[in-house]
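K.L.:
Residue-level listing of the chains:
Protein chains: 4
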Amino acid sequence: MSDHPPPDDEDLTDVVRELYDVPFHRANDVEVVAATPERARLRWPYDESLIGNPAVGAVHGGVISSLADVAGAAPHVGALGDYTPTIDLRVDYIAHATGGDLVAEAEAQRRGGSIGVSDVTVYAGDERVAVGRGVYKLSE
Amino acid sequence: MSDHPPPDDEDLTDVVRELYDVPFHRANDVEVVAATPERARLRWPYDESLIGNPAVGAVHGGVISSLADVAGAAPHVGALGDYTPTIDLRVDYIAHATGGDLVAEAEAQRRGGSIGVSDVTVYAGDERVAVGRGVYKLSE
Amino acid sequence: MSDHPPPDDEDLTDVVRELYDVPFHRANDVEVVAATPERARLRWPYDESLIGNPAVGAVHGGVISSLADVAGAAPHVGALGDYTPTIDLRVDYIAHATGGDLVAEAEAQRRGGSIGVSDVTVYAGDERVAVGRGVYKLSE
Amino acid sequence: MSDHPPPDDEDLTDVVRELYDVPFHRANDVEVVAATPERARLRWPYDESLIGNPAVGAVHGGVISSLADVAGAAPHVGALGDYTPTIDLRVDYIAHATGGDLVAEAEAQRRGGSIGVSDVTVYAGDERVAVGRGVYKLSE
Numbered sequence: 048m049s050d051h052p053p054p055d056d057e058d059l060t061d062v063v064r065e066l067y068d069v070p071f072h073r074a075n076d077v078e079v080v081a082a083t084p085e086r087a088r089l090r091w092p093y094d095e096s097l098i099g100n101p102a103v104g105a106v107h108g109g110v111i112s113s114l115a116d117v118a119g120a121a122p123h124v125g126a127l128g129d130y131t132p133t134i135d136l137r138v139d140y141i142a143h144a145t146g147g148d149l150v151a152e153a154e155a156q157r158r159g160g161s162i163g164v165s166d167v168t169v170y171a172g173d174e175r176v177a178v179g180r181g182v183y184k185l186s187e
Numbered sequence: 048m049s050d051h052p053p054p055d056d057e058d059l060t061d062v063v064r065e066l067y068d069v070p071f072h073r074a075n076d077v078e079v080v081a082a083t084p085e086r087a088r089l090r091w092p093y094d095e096s097l098i099g100n101p102a103v104g105a106v107h108g109g110v111i112s113s114l115a116d117v118a119g120a121a122p123h124v125g126a127l128g129d130y131t132p133t134i135d136l137r138v139d140y141i142a143h144a145t146g147g148d149l150v151a152e153a154e155a156q157r158r159g160g161s162i163g164v165s166d167v168t169v170y171a172g173d174e175r176v177a178v179g180r181g182v183y184k185l186s187e
Numbered sequence: 048m049s050d051h052p053p054p055d056d057e058d059l060t061d062v063v064r065e066l067y068d069v070p071f072h073r074a075n076d077v078e079v080v081a082a083t084p085e086r087a088r089l090r091w092p093y094d095e096s097l098i099g100n101p102a103v104g105a106v107h108g109g110v111i112s113s114l115a116d117v118a119g120a121a122p123h124v125g126a127l128g129d130y131t132p133t134i135d136l137r138v139d140y141i142a143h144a145t146g147g148d149l150v151a152e153a154e155a156q157r158r159g160g161s162i163g164v165s166d167v168t169v170y171a172g173d174e175r176v177a178v179g180r181g182v183y184k185l186s187e
Numbered sequence: 048m049s050d051h052p053p054p055d056d057e058d059l060t061d062v063v064r065e066l067y068d069v070p071f072h073r074a075n076d077v078e079v080v081a082a083t084p085e086r087a088r089l090r091w092p093y094d095e096s097l098i099g100n101p102a103v104g105a106v107h108g109g110v111i112s113s114l115a116d117v118a119g120a121a122p123h124v125g126a127l128g129d130y131t132p133t134i135d136l137r138v139d140y141i142a143h144a145t146g147g148d149l150v151a152e153a154e155a156q157r158r159g160g161s162i163g164v165s166d167v168t169v170y171a172g173d174e175r176v177a178v179g180r181g182v183y184k185l186s187e
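Protein chains in written order, with the numbering used here: chain A, 48 to 187; chain B, 48 to 187; chain C, 48 to 187; chain D, 48 to 187.
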């Protein structure tokens, strides 16, 4: 965090849970496990309806990019107490996600007056399946 | 297309539809409108369960990135007759998606022996809401 | 341009030239051919010292990404009359640059209060060698 | 490294130095400090001709993206013993580079038959000024 280093131990889990209680997350049981101004962990439970590649039984890449997006936003959303529209997102896929529930670990890399940046790693079970980086808008 | 320019008028819609008949697409009614080796159009019908930002009634960014991902893959999937795992995806969000069904227009930019690249524009109704670029793996 | 459509015909070439008269551009003879609030064209003359891959005689990828970066910033720099730090840049390489002077064509895609986005295409002679997208910071 | 974990302690510094002895690197005194199949460190010495933003005395963003590009390629170039054309590169800028020589630390994240992926962090002196991710082509 180069700009506004906030206290790392401030628990924002309830703040983010409330803001993330939206239809898309409810429909998919996306869970905010924990959030601070510095990092967040989110879980998207495995379900057969998430399969995108039946040949190998892999979860759809869109599920992974969706989870990366919201996990990356979570520390900023919590710190701001408001939604932070995504400016851009890059996801690099590393392995097929065939290993159960998806868990994303996000770490805020930067938070200034106008933008926030986060790095995210997505796991399927124990396996790292993707890494991502999101840039989020913090003000108009 | 810098490498293997295929005939633009070859209709691959049925090929892509069959390969895209996967649980995640069925669960979301994602439709392959049309596909050739050069371009594809896909539609994701609007539904209230897709809302990610209730403050402005906007569709979740993850829906948009998911649609960009599969639309970008479609010309390559069709040309190859097989799944093309996503290597990386970048999505730049332009406007809130508050305007109805999502439609993605993909254009293949490059197809070599090992990778394919596509540009995608995502619309909500008439409004352009995001642009993306995906890189896809065409061989082991 | 989704936010602040400026007049397309405003000639900002002199404004950008003055702001781009910096040591790195002078050392490399980078030239601002033309700039408006909507688009810009820049040229980086070919020189043997730019070679990065002697096996095929191709210009270094870093030259191409550098040119994409500053070309993408140019419309925003002109409209703002000030430097616009790059938030992030993605470059997709399409072909080896073996064809002479490099020319970048940039088109502003979005300009809001806090960020600007541009698409860039880089040519070596007549051949399109790369496409890029840059996000630039317009305010603190 | 998900695909072909090579021995981490194999010293490829000489291999990479020889392949990186190209005009663009010589013209800029870019130095391969060290390289293995897993990681690499490169240095680009500070020089006033690298300034891109005279208002704050910052090195040009293109210098940083160039260094990120070649540092990310280095572990793959070494492992392969050949050039690995860049497929795409993303750079996220974190702070102005006003602190002296630039040093890039690259870590290979993946190396398969057709592509390699690396993460790179660029420092100016002690300060982290950018992070990047490159995807490189390992075969035709």
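Simulated from the structure, these hints should not be mistaken for laboratory data. Note that this is a predicted model, so its numbers are computed, not measured. Hints may be right or wrong, so weigh each one.
In this list, chains with the same sequence are indistinguishable; a pair is considered to hold if it fits within one copy or across any two.
Pairs of lysine to any residue residues, derived as SDA-like cross-links and limited to a Cα-Cα distance of at most 20 Å, are as follows [said to hold, decoys possible]:
| hint | residue 1 | residue 2 |
| --- | --- | --- |
| 1 | K184 | G160 |
| 2 | K184 | P132 |
| 3 | K184 | D76 |
| 4 | K184 | V62 |
| 5 | K184 | H143 |
| 6 | K184 | N75 |
K.L.:
If a hint holds in the structure, say so; if it doesn't, say that too.
P.N.:
A quick look at each hint next to the structure:
1. K184 - G160: both (9 Å within a copy, 11 Å between copies)
2. K184 - P132: both (5 Å within a copy, 15 Å between copies)
3. K184 - D76: For K184 and D76, neither the intra-copy (25 Å) nor the inter-copy (31 Å) Cα distance is at most 20 Å.
4. K184 - V62: within (18 Å within a copy, 28 Å between copies)
5. K184 - H143: For K184 and H143, the Cα distance is within 20 Å only across copies (13 Å; inside one copy 31 Å).
6. K184 - N75: neither (25 Å within a copy, 28 Å between copies)
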